[in-house]
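Engineer: Take a look at the letters that make up each chain.
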Amino acid sequence: MIQVPRDDRSVIGQWWWTVDRWSLGAILGIMAFGVLLTLAASPPAAERIGADSFVFAKRQFLFLPMALIVMLGISLVSPPHVRRLALLVFAGSVVLLAATFVIGVEIKGARRWLSLPGFSSLQPSEFVKPSLAVISAWLLAQSRTERRAPGYILSTVLIGAVLGLLILQPDLGMSVVVAAVWAVQLFIVGLPLWIVFLGGIAGVVGLGLAYLFLSHVRSRFDRFLDPTTGDNYQVNTALEAFMNGSLVGRGPGEGTVKAQLPDAHTDFIMAVAGEEFGLVVCLVILGLFAFVTLRSLNRASRETSLFITLAASGLAVQFGLQAAINMASTVQLIPAKGMTLPFVSYGGSSALAMAICLGMMLALTREHAGLREAV
Amino acid sequence: MRFWPRPGSPDPAAAPSAAAGARLGTPQDRLRSDSQEVARQRIGYTIAIFGLLFVAIAGRMGYVSLLRDGGEPVQRVAARGGALQGERADIVDRNSIVLATSVPVMSAFVNPRLVLEPQDAARRLASALPEGKLEEFSEKLEGDRSFAWIKRGLSPAEHDRINRLGIPGLDFQAEERRIYPQGSAAAHILGYSSVDNAGLAGVERYFERELQAGEPLQLSIDLRLQRFVEQEIARAVRKFSAIGATAIVLDATNGEILAMASLPTYDPNRARTITNEALFNRGTLGVYEQGSTFKIFNTAMTLDAGRATLDKIYDAREPIKIDRFTINDFHGQNRAMTVAEVFKFSSNIGSAKMAMDVGVEGQRAFFDRIGMLKPIPIELGESAGPLYPRHWMKINLMTISFGHGISVTPLHLASGTAAMINGGILHRPTLVKRAGKADVGRRVVSERTSVAMRQLLRLAVTEGTGKSADVAGYEVGGKTGTAEKPGRSGYREKALISSFVGAFPMSDPKFVILVSVDEPKGLKETGGYATGGWVAAPSFKAIAEHIVALYGIQPGDWKGGLAPLQVASVAVPPPLPASALTSRARQRTVDQRKALPARAPGAGPAPGERRHATE
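These protein sequences, in sequence, are chains R and H. For what it's worth, my numbering labels the leading residue of the first sequence as 8, then goes sequentially. For what it's worth, my numbering labels the leading residue of the second sequence as 15, then goes sequentially.
Keep in mind the hints are simulated off the structure, nothing from the lab. Take the hints with a grain of salt, since some may be wrong.
[What the hints assert, rightly or not] With a cut-off of at most 20 Å between alpha-carbon atoms, the simulated SDA-like pairs for lysine to any residue come out as follows:
{"#": "1", "chain 1": "R", "residue 1": "Lys344", "chain 2": "H", "residue 2": "Glu332"}
{"#": "2", "chain 1": "R", "residue 1": "Lys344", "chain 2": "H", "residue 2": "Arg74"}
{"#": "3", "chain 1": "H", "residue 1": "Lys408", "chain 2": "H", "residue 2": "Gly501"}
[Unchecked claim] Per the computed footprint, the stretches of chain R lying under chain H, defined by three or more beta-carbons under 8 Å from a beta-carbon of chain H, are:
{"#": "4", "stretch": "248–257"}
{"#": "5", "stretch": "298–304"}
Remember, predicted model here, so these are calculated numbers, not experimental data. The beta-carbon is built from N, C-alpha and C at its ideal position, and this holds for glycine as well.
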């Protein structure tokens with residue numbers, strides 16, 4: 008363990024004694040599993056597109072250290088600076104998001120990506136999520152504590168606009184996460200329970216409308232409810248993989264599912280973990296995600312600044328929800344939804360955006376002795 | 015370090031705040047602490063809900079990993095992007111005879127995990143499917159996996175027998191199977207397909223997407239002719255103990271391929287038995303030095319460039335020596351000859367001298383123009399590009415004039431020949447029936463040159479080396495070619511590619527026929543010869559006669575008449591004596607066939623050498 012004296016007043020010293028080291032450790036653990044599973048799952052996917060077997064693994068080994076540096080760097084920042092950073096990231100990513108409609112690259116039927124030099128492709132919507140959570144936390148907190156600020160209305164307008172952009176992409180999974188994070192923040196900020204109840208009904212109605220009017224949503228849902236109606240190839244193969252893996256797995260490299268699943272290295276990476284490393288390792292990974300989420304929520308609840316509480320819990324919910332949706336669809340607990348597993352699934356945009364999310368979360372959940380009134 | 019912060023513990027951040035809330039009485043502060051309290055409570059709920067969600071996922075993970083059995087196998091829907099679009103489309107010939115079709119079949123598969131008594135089940139399966147091996151079945155049924163094919167493409171009787179066994183874990187999958195009702199006919203054109211109905215060769219592969227989408231494919235070939243051509247070259251291969259052969263029948267007026275055969279061949283219905291050698295399409299994938307048949311192009315090039323007329327005289331008395339190479343004649347006349355005679359006697363010396371009149375650049379441009387330097391854009395993946403010298407020099411100029419030092423596919427030769435005689439238009443050869451829209455093609459030589467070429471080809475049959483190709487009354491014209499195949503060191507005298515390319519009727523050519531036999535062995539009745547005139551020309555004749563009978567063509571059914579070429583031999587003596595008369599020359603040709611070609615002593619081929627005798 009690094010020895011840092013308690014009375015060290017340097018930036019790093021202060022950071023070390025105030026940051027949530029347990030969560031940080033768990034996040035590093037998740038990243039380590041990400042490295043392991045990318046090595047296991049990505050070569051067949053790379054070979055399918057005719058590239059060098061380890062091209063995805065190599066790229067991911069570039070993305071993850073970058074993500075780690077970004078995350079640690081942001082976690083050094085003070086809460087007010089987190090807010091400013093969020094505003095910057097938000098402004099930038101909304102502009103890019105709008106740009107996808109003009110100059111976006113269409114992949115698998117959706118215009119979510121921007122082609123950038125150096126970066127093979129960038130998905131701006133990933134960066135909207137964490138920054139929007141912080142901004143809406145600030146607006147809601149202002150509204151709640153100052154009363155006069157029009158925070159509720161502003162945040163509603165903002166969320167509505169972003170949701171509109173996301174649905175146009177179309178990126179329903181991302182919209183669900185953004186809406187859910189905002190709903191949780193409203194809940195935490197003390198929305199009367201009857202409104203929460205109404206909101207729940209509205210959400211169900213919204214999903215119903217999506218089912219009625221968006222054909223790909225309907226097809227996904229039908230196939231979930233009645234597996235015989237269509238192509239459940241990915242999910243069935245994933246379930247098969249868990250069955251093959253059983254308790255301790257077939258052993259590294261012994262899996263077959265990665266050769267059959269087109270998305271084995273992204274959305275279905277847990278299936279590879281299940282087959283090669285078994286239930287035990289899957290539960291450890293799930294445990295790490297649950298630990299970071301729940302512990303960060305708990306720390307957020309102890310903050311004295313409502314902004315910090317809302318922002319940190321919003322970010323924690325985003326992280327936890329994304330992991331939960333990914334894993335729940337892999338084991339067919341919910342209809343298949345394209346969602347990456349933070350730091351484990353292959354993908355640069357996702358890793359970098361998650362680094363920003365967790366970096367801000369770690370910055371906000373530091374122990375802010377003497378800082379509370381400044382926020 | 016504490017794992018979870020204890021609630022109510024003296025927390026450095028929380029405690030002062032609570033105290034402050036109680037002490038300071040401003041409404042702002044009270045609001046703040048109230049909201050904080052609500053937030054704390056509600057985050058508690060959020061944590062509880064999230065906790066439940068994670069527990070549910072963990073439970074489901076445990077269930078799918080340990081407890082869940084495969085259940086009833088669900089009918090698998092092929093992951094082919096969208097719903098199955100009906101069956102793979104048929105391929106038919108130009109008269110709509112089915113060449114390839116799809117039939118629905120059942121395939122049996124098993125989930126070994128659900129099989130209760132693998133040994134017993136394997137025994138019963140073996141009795142239901144007599145051609146299967148018991149060990150194979152027991153291995154499949156005992157394996158620790160959840161899927162194995164038992165047999166694909168069951169007959170209805172087999173399906174019924176297996177179904178009656180009632181083995182748990184065994185199920186059927188409706189599939190499609192590709193059937194080629196004509197057996198091995200047109201195998202190299204059709205190609206074949208995998209058990210999963212993906213085209214693996216031929217038009218099956220080239221038109222994969224269209225066939226998969228259900229668009230029927232009508233080929234230009236005529237199955238009746240195709241069958242005959244296959245039989246005819248098979249006969250030639252047997253007779254001359256050759257290692258292979260190819261034949262192409264092309265419609266000279268539009269580039270449609272009416273028949274194309276390659277030997278050895280295969281049966282696309284039995285994909286597993288296909289060898290690489292049988293799969294090789296000599297017509298479009300084999301590149302060979304074509305030998306004397308290239309004199310067609312050399313002569314047309316010289317005439318078209320205006321460098322010579324049919325009666326321009328070339329001195330072919332002396333072999334040409336260039337660098338280490340000597341260019342000799344097979345049917346040596348050892349005299350001066352007109353262009354017509356050079357063609358008729360297939361003189362290498364004369365051809366080389368004609369080419370020199372055009373020059374390196376002119377020759378290269380001409381061969382490029384007639385498509386000899388590019389792969390033929392045919393509807394087959396199995397299409398090879400020509401081999402030709404990167405640095406086109408004087409020696410290449412000379413050898414290419416008589417078909418050496420450049421390798422093209424037989425289809426190149428047939429397509430180029432069609433352009434030389436059809437009025438000068440190069441059509442893109444095609445395997446697909448040109449419905450209505452005719453290919454306009456591209457002019458490559460003048461009408462006049464084309465007429466001269468028809469006369470020359472007719473002459474080569476009436477008086478030259480191609481006599482055995484003639485069909486009385488049908489104005490057959492053509493050119494023989496015999497090329498030695500290159501071996502490890504120089505050319506192999508005994509390994510020949512003997513070919514004949516020609517067309518009929520020469521007044522208005524319609525059918526271009528190419529026959530090429532790989533490594534034929536000489537026979538007693540051919541005087542030990544295995545040259546194009548002896549080996550390929552008779553097959554040409556047989557195919558031409560079949561076409562005449564098949565399409566009911568009567569002599570004179572065509573328009574126009576071709577003036578026969580009067581070939582006066584050159585009477586410019588020097589020292590050579592009596593061979594000046596045409597009759598004598600003809601006599602010499604026959605004599606020459608009986609003797610082995612005269613060769614310069616010690617002039618055996620050296621590596622990379624370009625000295626050959628071609629017929």
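Engineer: Hints first: check each against the structure and report whether it holds.
Structural biologist: Checked hints:
1. Lys344/R - Glu332/H: 84 Å, violated
2. Lys344/R - Arg74/H: 17 Å, holds
3. Lys408/H - Gly501/H: 23 Å, violated
4. 248–257: Per the Cβ count (6), the hint holds.
5. 298–304: Coverage by chain H holds here, the residue count being 4 at a Cβ distance below 8 Å.
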